[in-house]
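Student: Here is how the chains run, residue by residue.
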Amino acid sequence: MKIIKGWYQEWLAQPKVQRFRYMTIFASCVLFLGPLTILPKLAGNSDLCGRLCMRRFYLYFPGMTVEDFVTHASAAMIGVIAFGLILLTTLFFGRIWCGYLCPVGGFSELVSRLLNDRWKIEYRWLPQFQIRYGYLATYMIVLPAIGVSACTLCNFITVPRLVESMSGGAGGLAFIFSAVGLVNLSLLLLLGFFASKGRAYCQFMCPIGAIDGIVNSLGSRFRNTHRIRVAKERCTGCNICARNCMCGAIKMVDKIATVQQSSCMDCHECVDVCDWNAIEWTTASRNKTPKRIKKGVDIFPEPDWQVMTFTPRLEPTIQARAIRWGRVVNATLLLGFTVAVAATLIIR
Amino acid sequence: MRSITLLLLMLLAAFFSTAHAEKRHPDPDGCFSCHGLPDLKYVDKQGQLRSATILKADYYGSLHGSVPCKDCHRKITDYPHEEKDGLVDCSETCHVKEPSNGKAFTHKDIAKEFQASAHGKGLIKDFAAGNRIKEDKDSALPSCRRCHANDPYIAPSQMAAFKEAFEHNDAECGTCHAGDVWRDQFSGHILRRYIGNRLNKPVSNALCIDCHGNTERMAKVEQEDPITKEKETVGPEFIYSTETYDKTLHGRLISDGNMMGASCIECHAPTGLHHDIRRDDDPKASVHEYQLATTCGQSNCHQGYAKNAANRGFLKTPMHGAATVALGLEAKLNELQQTKSNWYYGAIVFGILAVIFFGGSVFWWLFGDRKKLSKNNNNSLLGADQFQRIIIGTKANKARVKEGRWEVTKRQVSGWLAQFGRKSKPSAANEDKQAPTEKTADAHTPKDES
Ligand code: SF4
Ligand code: SF4
Ligand code: SF4
Numbered sequence: 006m007k008i009i010k011g012w013y014q015e016w017l018a019q020p021k022v023q024r025f026r027y028m029t030i031f032a033s034c035v036l037f038l039g040p041l042t043i044l045p046k047l048a049g050n051s052d053l054c055g056r057l058c059m060r061r062f063y064l065y066f067p068g069m070t071v072e073d074f075v076t077h078a079s080a081a082m083i084g085v086i087a088f089g090l091i092l093l094t095t096l097f098f099g100r101i102w103c104g105y106l107c108p109v110g111g112f113s114e115l116v117s118r119l120l121n122d123r124w125k126i127e128y129r130w131l132p133q134f135q136i137r138y139g140y141l142a143t144y145m146i147v148l149p150a151i152g153v154s155a156c157t158l159c160n161f162i163t164v165p166r167l168v169e170s171m172s173g174g175a176g177g178l179a180f181i182f183s184a185v186g187l188v189n190l191s192l193l194l195l196l197g198f199f200a201s202k203g204r205a206y207c208q209f210m211c212p213i214g215a216i217d218g219i220v221n222s223l224g225s226r227f228r229n230t231h232r233i234r235v236a237k238e239r240c241t242g243c244n245i246c247a248r249n250c251m252c253g254a255i256k257m258v259d260k261i262a263t264v265q266q267s268s269c270m271d272c273h274e275c276v277d278v279c280d281w282n283a284i285e286w287t288t289a290s291r292n293k294t295p296k297r298i299k300k301g302v303d304i305f306p307e308p309d310w311q312v313m314t315f316t317p318r319l320e321p322t323i324q325a326r327a328i329r330w331g332r333v334v335n336a337t338l339l340l341g342f343t344v345a346v347a348a349t350l351i352i353r
Numbered sequence: 003m004r005s006i007t008l009l010l011l012m013l014l015a016a017f018f019s020t021a022h023a024e025k026r027h028p029d030p031d032g033c034f035s036c037h038g039l040p041d042l043k044y045v046d047k048q049g050q051l052r053s054a055t056i057l058k059a060d061y062y063g064s065l066h067g068s069v070p071c072k073d074c075h076r077k078i079t080d081y082p083h084e085e086k087d088g089l090v091d092c093s094e095t096c097h098v099k100e101p102s103n104g105k106a107f108t109h110k111d112i113a114k115e116f117q118a119s120a121h122g123k124g125l126i127k128d129f130a131a132g133n134r135i136k137e138d139k140d141s142a143l144p145s146c147r148r149c150h151a152n153d154p155y156i157a158p159s160q161m162a163a164f165k166e167a168f169e170h171n172d173a174e175c176g177t178c179h180a181g182d183v184w185r186d187q188f189s190g191h192i193l194r195r196y197i198g199n200r201l202n203k204p205v206s207n208a209l210c211i212d213c214h215g216n217t218e219r220m221a222k223v224e225q226e227d228p229i230t231k232e233k234e235t236v237g238p239e240f241i242y243s244t245e246t247y248d249k250t251l252h253g254r255l256i257s258d259g260n261m262m263g264a265s266c267i268e269c270h271a272p273t274g275l276h277h278d279i280r281r282d283d284d285p286k287a288s289v290h291e292y293q294l295a296t297t298c299g300q301s302n303c304h305q306g307y308a309k310n311a312a313n314r315g316f317l318k319t320p321m322h323g324a325a326t327v328a329l330g331l332e333a334k335l336n337e338l339q340q341t342k343s344n345w346y347y348g349a350i351v352f353g354i355l356a357v358i359f360f361g362g363s364v365f366w367w368l369f370g371d372r373k374k375l376s377k378n379n380n381n382s383l384l385g386a387d388q389f390q391r392i393i394i395g396t397k398a399n400k401a402r403v404k405e406g407r408w409e410v411t412k413r414q415v416s417g418w419l420a421q422f423g424r425k426s427k428p429s430a431a432n433e434d435k436q437a438p439t440e441k442t443a444d445a446h447t448p449k450d451e452s
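Going line by line, the protein sequences match chains A and B.
If you read the first sequence in our numbering, its first letter stands for residue 6, the second for the next number, and so on.
If you read the second sequence in our numbering, its first letter stands for residue 3, the second for the next number, and so on.
Chain A extracted, bound-state conformation (with noise of 0.2 Å):
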């Protein structure tokens, strides 16, 4: 009984957006996946794969053409529609579908919130564009054209199986226990139920979140779009919202909040938990009354909101101890992929 009145007040603790978001989450859950994949089935579908597959029609293969992108489209229309769709609302509204909807994304997020943070493992501290970009290429390029299937690392093909599963599912059952089931079921535990708010998989191998990153990315730059801004002379360098942000997209640079606007999710935790009112998911053209000021607690300076992403801290000289690994990381999977087109394009 104290157990149960202790998970509703710490479930009462939590910010109303997040506990809307987490009731999308659980209900898009429900819809796509399990034993009554409603939308899917719609579609024609038991899962998420064959032509809801959002992750295959653009991997390329050397020497492809027009055609073939085409043909591969064609086969997995739906999906491309959905991620069309996908990206056109993150270019306006920030990433939506991967913070609110994504029943893959949340699904390993909601487990892992339920588990004490002491079991997990934090990966935000990784080189996370570094990591995710270089894995992007290697899907892309590297993978089909080794003759690495898709569908090997997916976790679009592992949770609603695992969810299918646990409704005794024989479909679901039988891909876990196969060798790619297992594969991927240790990559959905350690990337995500036992990592820390259970976002690694979205941030480091999801080509979905790493393409809508992009646009996120590229959206932040126009001044009325849905963004999570900083407004710089506001922050006093708390950095709980870089604690609570579950994909490691705000990092505290010279003791100010900035955000990676590539990896943010707006799942708008930030904003919540921030006591001063200087970070929001809002445009930036328009200097809109801060929300303060209409529950009548005056905060001044009106903020100026800016998009903020990394910036790297400039060494005045190479020291012995300045290298650094994430750009070793980096360097080396553009090599890689440099070598694949590069490879590509002289073997014909």
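Simulated from the structure, these hints should not be mistaken for laboratory data.
One or more hints might be untrue.
What the hints assert, rightly or not - Label pairs and their computed distance ranges (CB to CB):
1) Leu119(A) - Lys334(B): 29 to 37 Å
2) Thr296(B) - Val344(A): 26 to 34 Å
3) Leu419(B) - Arg123(A): 35 to 43 Å
4) Trp330(A) - Thr296(B): 40 to 48 Å
5) Gly242(A) - Lys334(B): 54 to 62 Å
Ideal Cβ positions, reconstructed from N, Cα and C, are used throughout, including at glycine.
Dock chain B with the ligands against chain A, hints included.
Tutor: Leaving out everything else, chain B with the ligands in the frame of chain A:
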């Protein structure tokens, strides 16, 4: 089924009205005088009671409806005849004339191709009709009729389309071909071709799955090595070939009703008369590694890039990889579930996960050392310090953080690399920092760190 056949018969009756009635070869040898009797039965050598009745409607509506009985059943000269005299050799010629060259029609080319294929090895009953029950039970290799069961000439699913096309025969085709005798003879045939393949991808796959989907039966198959001619047992890729195919995008699309997927024969017998299915280590096989570029690169498939040399790996993508299925588990579970709902099979396995999650959380909540927790610290098992240092930007507490083996190595490597880069102007201060002994590193980190 029956009503469709009757429909077909009515249609044909209308088509071959009076003037063309003789085109149907109405039983010149009088076979129907016995086999047309409704209850003709006999007991065969296995002691099985079998029907010998031939339904006229079914026969005339079938693919061979215009071939007289004796064209195929050649050994029968009088009646009553022996059962074994009913044998049929599909590679023989028959009295139907090929209209293009006037020669007698024959399946010889297909028979040749088939006999050279994996299915044609050994005896395929010399393309003869033997005991069907025996074939179903004992034979590992299919005869012609295992797949081609003398089906209706117009597939039931195509009946509506055919009727519509046929209604236009006189008006549309007749505008140009008025008075052409062959139009009356062949327009049905041409229109049947015109409405599309009789076997679409799901139907032709079903023919393969009919045998290959039976994993118990496939496990018993012995293959012959194409070079050494030795008998070999088959591996899981062969036994579970249909299960693994279902997991690929090829099979997935077709079962979703999307015809962009590749069917079995589109890869295994893409050329010729589509009967040349061979083992993948046979150099003549379309799925042999040297042929794959051509096979995968067929038009409308992976045409642009399968032949590209940089894509050799793509051709190695496992299409029947056993890694995608838990061998036979799905079939077994499905079998169990047919009798009753076994939701708890899943619950047992994932209940364990749930117990770990919730039990563990409650454990931490009740017995965890609260003093070690702090609102400002990240409590993760791994990586909490790095998070604090890199994201939050707090300086690591140097006095407490002991430099581990990995840090020491990393620093040494960095030192060497940096030294390598600036060989020309080494300074005394840097020299000190770059090569600290392990001992000093363990005791306290260098001062100029902070
Ligand atoms: S990054 Fe990928 S898995 Fe994560 S929420 Fe977005 S679409 Fe879903
Ligand atoms: S919570 Fe608000 S004040 Fe605190 S660091 Fe973040 S943006 Fe700045
Ligand atoms: S920056 Fe804010 S909105 Fe973006 S992911 Fe982090 S907490 Fe969510």
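Student: All hints, please: hold or fail.
Tutor: Hints versus structure:
1. In this structure the hint that Leu119(A) and Lys334(B) lie 29 to 37 Å apart at CB holds, the actual value being about 33 Å.
2. Range check, Thr296(B) to Val344(A): Cβ separation about 28 Å, and the 26 to 34 Å hint holds.
3. In this structure the supplied range 35 to 43 Å holds for Leu419(B) paired with Arg123(A), their Cβ-Cβ distance being about 37 Å.
4. A C-beta distance of roughly 46 Å is found between Trp330(A) and Thr296(B), which places it inside the suggested range of 40 to 48 Å.
5. Between Gly242(A) and Lys334(B) the beta carbon distance is about 60 Å. The supplied range of 54 to 62 Å therefore holds.
In summary, this structure violates none of the numbered hints.
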